[in-house]
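Asks: Sequence:
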Amino acid sequence: MYRRFLRPTKNLEPLLLNLKIIKPKFETPLPELKPAIIPPRFRGLPNPSLELMDLDDFFISPNAKLDILSSKCKDGDLEFYIVELEK
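Quick note: the sequence shown uses UniProt numbering, first residue 1, plus one each step.
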């Protein structure tokens, strides 16, 4: 039984060559990644300079403005009170 399988190999007479090891060449487009151990420190940036504004000037009613002005002024501030009322 085995002789039947061995005969074709003898007839073909395969060449017995020493096989050489071919070293693979892998393309690495990017360098190896290294994990960061310590996160980078970013220096604190200053707050943006914004114009300070009083929102009461925009949203307050005229009667509420009059109440606030009346509570600020005393008897000696009558001239200031009149000037502010004209605004």
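No wet-lab data here; the hints were simulated from the structure.
Check the hints yourself; a few may be wrong.
Here are the simulated distance ranges between beta carbons [as the list claims (entries may be wrong)]:
1) L66 - R41: 50 to 58 Å
2) P31 - M53: 46 to 54 Å
3) E79 - E51: 37 to 45 Å
4) K34 - D57: 55 to 63 Å
5) P39 - P62: 30 to 38 Å
6) N63 - F42: 45 to 53 Å
7) M53 - L85: 16 to 24 Å
8) P31 - D56: 33 to 41 Å
Owing to the predicted nature of the structure, the values given are computational and were not obtained by experimental measurement.
The beta-carbon is built from N, C-alpha and C at its ideal position, and this holds for glycine as well.
Asks: Take the hints in turn and mark each one as holding or not.
Replies: Structure-based check of all given hints:
{"no.": "1", "hint": "L66 - R41: 50 to 58 Å", "in the structure": "holds, 54 Å"}
{"no.": "2", "hint": "P31 - M53: 46 to 54 Å", "in the structure": "holds, 52 Å"}
{"no.": "3", "hint": "E79 - E51: 37 to 45 Å", "in the structure": "violated, 30 Å"}
{"no.": "4", "hint": "K34 - D57: 55 to 63 Å", "in the structure": "holds, 57 Å"}
{"no.": "5", "hint": "P39 - P62: 30 to 38 Å", "in the structure": "violated, 54 Å"}
{"no.": "6", "hint": "N63 - F42: 45 to 53 Å", "in the structure": "holds, 50 Å"}
{"no.": "7", "hint": "M53 - L85: 16 to 24 Å", "in the structure": "holds, 23 Å"}
{"no.": "8", "hint": "P31 - D56: 33 to 41 Å", "in the structure": "violated, 59 Å"}
In terms of the numbered hints stated before, the structure departs from hints 3, 5, 8, listed from lowest to highest.
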